[in-house]
Amino acid sequence: MTRAWVFLLFAAGLATSAMQLTTIRTDISDFFFSGTAADPGYRVGQIQSEKLARRYLISIAHPGVASPTAGEFMTALQRALAESEQVRRVWTEPFSQTDILQLLRFYAPHQLQLQSLQPEHEISRLLSPAGMASQADIIKAALLGPDPSLVKSLLADDPMLLTLAWFSRVTQAYKPPDTDPAFSAFFLETWPAGLDTLAQQGFQQTLTEIFSALNSHHDERFTLAMTGVPVFAANIQAQVKRDVTRISTLSIGLVILLSWLVFRSFRALLCIGIMLLTTAGIAALLTQWVYGYLHGLTLALGTTLIGVCIDYFIHSMVHAGNSTGADRVLAIRRIWPALLVGGATTLIGYTALSLSGFPGLQQVAVFTGSGIVAALLITRFILPDLLDLFRVQVQPHIDLSRVLTIAVGSRSHYLVIATILCLLLAGGTRIRWSDDLGTLAPSLQQLAETDRSIRARLSSIEPGRFVLVSGDDMEAVLQTAEEVQRQLAELQQQGKLDAYYPLFPWIASRQLQTRNAQAWNDALNPAVRERWIKTLTDHGLSAAAFPALTTAPAPLLATAQALDSPAAALLSTQLLQDTTGSTAIIWLGRHQPQALQDTLQAIPDARYFSQKDAIGQLASDYRRKAQSMLLWGILVILALLSVRYRSVMEALRVLTPATLSVMLLVGLWGLSGTAIGMLHLIGLLLTAAVCVDYGVFFLENSSANRQRTFQAITVSAITTAAAFASLGAAENPALHALAGTVAPGVLAGFLLCPVMLGHTAKGNRR
Amino acid sequence: MIRQPHSILASLLLLAAAVFPVLTVAQDTPDSVLERIRIQETRHFSYRETRILKLLEEPWLATGDMYISPQQMVIARQSPTPVFTVITADRMQHIDAGQNIDRSLKLEHPFAVPGMEPFMQLLYRPTGDTEQERYDVNSFETAGQRWSLQLAPRQNTADGIIRIELSGDSGLGPDRMVLEHADGDRTEWQLSLQSQGEAAGRKMQQLLESIHQAP
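Line by line, the protein sequences give chains G and C. Sequential numbering of the first sequence, starting at 2, is according to the numbering used here. Sequential numbering of the second sequence, starting at 3, is according to the numbering used here.
Do not take every clue at face value.
Stretch by stretch, here's where chain G covers chain C in the computed footprint (C-beta under 8 Å, at least three residues) [stated by the list, open to error]:
1) 36 to 46
2) 54 to 61
3) 116 to 124
4) 136 to 150
Mimicking DSS-like on lysine-lysine, the simulated pairs with C-alpha atoms at most 27 Å apart in a straight line are [what the hints assert, rightly or not]:
5) Lys56(C) - Lys141(G)
6) Lys153(G) - Lys108(C)
7) Lys205(C) - Lys56(C)
8) Lys176(G) - Lys141(G)
9) Lys205(C) - Lys176(G)
So the derived list for chain G, only partly shown, Cβ under 8 Å to chain C, looks like this [to be verified]:
10) Ala77
11) Gln103
12) Leu151
13) Ser648
In short, the hints are calculated from the structure, not lab data. From the three backbone atoms N, C-alpha and C, an ideal C-beta is built for every residue, glycine too.
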């Protein structure tokens, strides 16, 4: 009794600690992907989450609204948002008026070193009579344009005013696609991190309120739409939260209802509830300790998986029956070996899960594995005292003797085996594998469509497709990136690539800068200087007032200088430099992937990267591993059972219900055309692990009372099936896959126990 | 002899008509001319622009039409080559079809057009703002039927404008404007009012439509 009171105190403390110490994260990429700092894909992900994840893309639809009114509305909205404390900046175009001035002034003194990727050719063209005439035209047009002061200030550092044409060329890639006059769009960057969902949800609320207040003065003629990582993050968090609430409520409700129907005892329910909560608390704290956080999906999935532990409590309570004190302890001791074997086989299943490489499932395995160990220990050492404390007398109100007699006596097992084998043969060859991880991510179809339409209006660059350049140091990376850009320019001319965000000429390798300077210095001779003066005069410009052409200045533009320049905001999303090396990213517009891959093959350290393809590859790897783990899991379980029963045949017999259940599911999937992904395979592994427990319990029949054993298994099976079936109520399709696999699999495995093992179970022999 | 009442009224009207120009001259104060400059209705001017820059061998001349409304300004240069500039509170668009140029610049402050900012501020200053906050009035003169005002920006501007000269006929807005830069360069605008109000607004709208419909 004392032990029971101590346990109750421990359980209360544990529940409090679990609630206070657990950090729930909902970033879906944490669940699906893992990586190390040495992995370039992971490093790009870092850039995306650090730099790009704070950005909102906001679109305002205003069909039929006059252009000046729409303009005023947009200006007012952007100003109001910019005043919010959470907003870092708001912008429409990639370069503001100040950005342009600062960039022109910063780059004017470096023009000669940053002229071209093909400097010899370009400088020869520039200093030809035609090239000079063209440059003089540009100078004159700029002087006679709206802002001659800017031109005058640039000429001091850049006598041929190369910066203007250079800037116009460079920024071409950043121009948004042709805009639909019925829409206006802009970017917004927040101070809070994109994945700080609490702050982002608050900001989204503020944004909507500001918009609504302005819109109310315009007869609600404007419509707001937004996208970006913070929008997805907030929606995913909301969905995970809804799933956790819905599944927990439903599964707990179902388990309570079923337990009540079977036991008709509130005390029994209370007892089970306390033990389950303690188990979940231990699992949450251990997972938090191992990972430093608990993923929302782990909680949703793990809570249901931990529901499997209820099997041990129920099984033991049924076997303990009406006994008290020492008899109760004895009853539980009698079934302990079977519980241990059952627990061990389930643990093997979860261990196999963790070896699939799927990071989210590794966490689920830790959560559930620790829960199983805790549940087994509670069953063995606490349950008898707890039953005494609550004076629980369990007598299942379920009579299965007739079912058992029919199942055991029918000798229909050969027919069942034959039928299932036929189904497997018919459906097995038609299995449709799916490696699209996207189908397992939260279903945010509407958000994805909004995202596509807003992005199409704001940027010509495709998210998730880029060229990745890696190298030992920045100089090597920049040299490779320059070679990549030469190839990209050719692809662009061939119409195989629409646009790309370049690194050159915002930044250039020392090698290329030296080549540019050398080409200029070599070409600059008195005749060239004379020609330039004549060209200026011919164009009505006062040559004497222009600075003379000089050799390229010796200092080159250092990488650190560029990264600290007005171009830093651009470069920070394209360059990553740390102790593990340097990486450059060239973001791509619409392109022909094959043409890009073929072109880049010849450049070492450069590779075309498509996040979607990479994720598909990852999913395919996960699935192959899951297939392999399923096989290994079953083999290890077979080995364990063989050791336990000292007979491979006996072990195979225990496995029969689980194996047939798995075969049945595979056959049915093939016949129904269901697309099978990695989570279906994981579901199969779980089904096998749970059904093996039933096989063990049924075959060992430790209480020597077949009726009672079957009663215990029945209660366990229906509560487990109900808990997993409740996953089907989730919005997340990943949970649907598990629900559709484990719930029917467990029921089939349970029903197959008396059919397949009835003849050989201990109780039967007696 | 008793005068007829309508004769008295006619005499008063004649007197008022005779005195009116004198009163108008009396109203040509710095504040009043600056208030006249502020755009309150659409006006259509033909203009002649002269740029005298050290970097140009000779002064550069341009002519065209200028439309100024409370919401926007449209400069339709006709010679030496056609160029359009459309300025709204938050954007400037510069279209030079001959050079294949169509540039659009988002303005960070309302009507803060680079190179023309002090002038635009005079035209589009918000109600209640006084020029004295931004400019020193160097001189204000009236001679004959004309007024003349010289302003100096209180703060250095990026475009280097150190002086603005405005002049016009008594009782009217400016018809001549000179921007002087610190390096000695200067730009002079001569304006001739063609129409105002709805007529000017219609013409401006037609011009904008033709610009936007152009290929």
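Tested hints:
{"no.": "1", "hint": "36 to 46", "result": "violated (count 0)"}
{"no.": "2", "hint": "54 to 61", "result": "holds (count 6)"}
{"no.": "3", "hint": "116 to 124", "result": "holds (count 3)"}
{"no.": "4", "hint": "136 to 150", "result": "violated (count 0)"}
{"no.": "5", "hint": "Lys56(C) - Lys141(G)", "result": "holds, 12 Å"}
{"no.": "6", "hint": "Lys153(G) - Lys108(C)", "result": "holds, 22 Å"}
{"no.": "7", "hint": "Lys205(C) - Lys56(C)", "result": "violated, 36 Å"}
{"no.": "8", "hint": "Lys176(G) - Lys141(G)", "result": "holds, 25 Å"}
{"no.": "9", "hint": "Lys205(C) - Lys176(G)", "result": "violated, 32 Å"}
{"no.": "10", "hint": "Ala77", "result": "violated, 10 Å"}
{"no.": "11", "hint": "Gln103", "result": "violated, 11 Å"}
{"no.": "12", "hint": "Leu151", "result": "holds, 6 Å"}
{"no.": "13", "hint": "Ser648", "result": "violated, 81 Å"}
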